[in-house]
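Peer 1: Sequence:
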Amino acid sequence: MEGSRWQVGDGRTIEVATHAWLPHTPIFLQEPTLNMRVCELIDEDTRQWDRGKVLATFARKTCEEILATPLNNVNSRDVLVWKENRAKKFTVRTAYRIAVRLKNPSYAEHSSTQSHGPTWRKIWRLNVPPKVRTFLWRACSNCLPTKENLLKRRVKVEAKCEICCQKPETASHVLWECAFARNVWSLSNGRTQKCRNEAIDFFLLFEQMRRKLDQLELERWATTAWAIWNARNRFYFEHVQVHPQIIFDGAIAFLAEYQRLMSANI
1 MEGSRWQVGD
11 GRTIEVATHA
21 WLPHTPIFLQ
31 EPTLNMRVCE
41 LIDEDTRQWD
51 RGKVLATFAR
61 KTCEEILATP
71 LNNVNSRDVL
81 VWKENRAKKF
91 TVRTAYRIAV
101 RLKNPSYAEH
111 SSTQSHGPTW
121 RKIWRLNVPP
131 KVRTFLWRAC
141 SNCLPTKENL
151 LKRRVKVEAK
161 CEICCQKPET
171 ASHVLWECAF
181 ARNVWSLSNG
191 RTQKCRNEAI
201 DFFLLFEQMR
211 RKLDQLELER
221 WATTAWAIWN
231 ARNRFYFEHV
241 QVHPQIIFDG
251 AIAFLAEYQR
261 LMSANI
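Start counting the sequence shown at 1; every next residue gets the next number (the numbering used here).
For the record, the hints were derived by calculation from the structure and aren't laboratory data. Take the hints with a grain of salt, since some may be wrong.
Below are the PhoX-like pairs computed for lysine-lysine, each with C-alpha atoms no more than 20 Å apart in a straight line [claimed, not checked]:
| hint | residue 1 | residue 2 |
| --- | --- | --- |
| 1 | K167 | K147 |
| 2 | K167 | K156 |
| 3 | K167 | K152 |
| 4 | K122 | K212 |
Given these sequences and hints, build the entire structure.
Peer 2: Right, dumping it as structure tokens:
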């Protein structure tokens, strides 16, 4: 099952070649015996890995992973655990992340890298409305329904941005580079103004902001990006063009009211 992995107990249930039980797919030095079980790699007397058999069966990297796997529960049955978090417990958030990853392989480039953990934690800890956090997470995961992503799903649309008609509609273009967005960002002050107008990838843009802005500035930046996205949607679907000043002021006021209510509840 996607998202789960076997935790070795007595090794009698786990099939070496077909079940997920190691961090990476095992690499064999020779073709494994049909339906070979993990218990066949455990010494019956010492209840530890049979080092000789492991070294004779697998490539070096796989051997290292197997020998580093603790055998603390050899008298218990093998169990399936959730591998998407440290607690090894199922959560809706991690299940949703898997669903997104399966539909959008490019998401895995960011999400599955351990070095990006601080970025994801930063998003979920921002003192902004939950829908802003979810939006930001989707934007960083490249899951927004931009034209670029619609084309990947074989939806027949024109790739270029309908507002500026200059560049492909990506998340970074929509929320940062497009003239529509730049008109809104020009109303901000502080360190946001000093950031480059071009961004290769929205995730990398957020990384830049995470490092340059203080907490409140980052929260205002995130909420403003969310407001820009909503304003673009109004333009597309309702043919309503919202003035940049209204977008910006509305975002700042929305955030301030949310934070006021949150502090009042403490």
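Peer 1: Run every hint past the structure and note whether it holds.
Peer 2: Checked hints:
no.: 1; hint: K167 with K147; verdict: holds (11 Å)
no.: 2; hint: K167 with K156; verdict: holds (17 Å)
no.: 3; hint: K167 with K152; verdict: holds (17 Å)
no.: 4; hint: K122 with K212; verdict: holds (13 Å)
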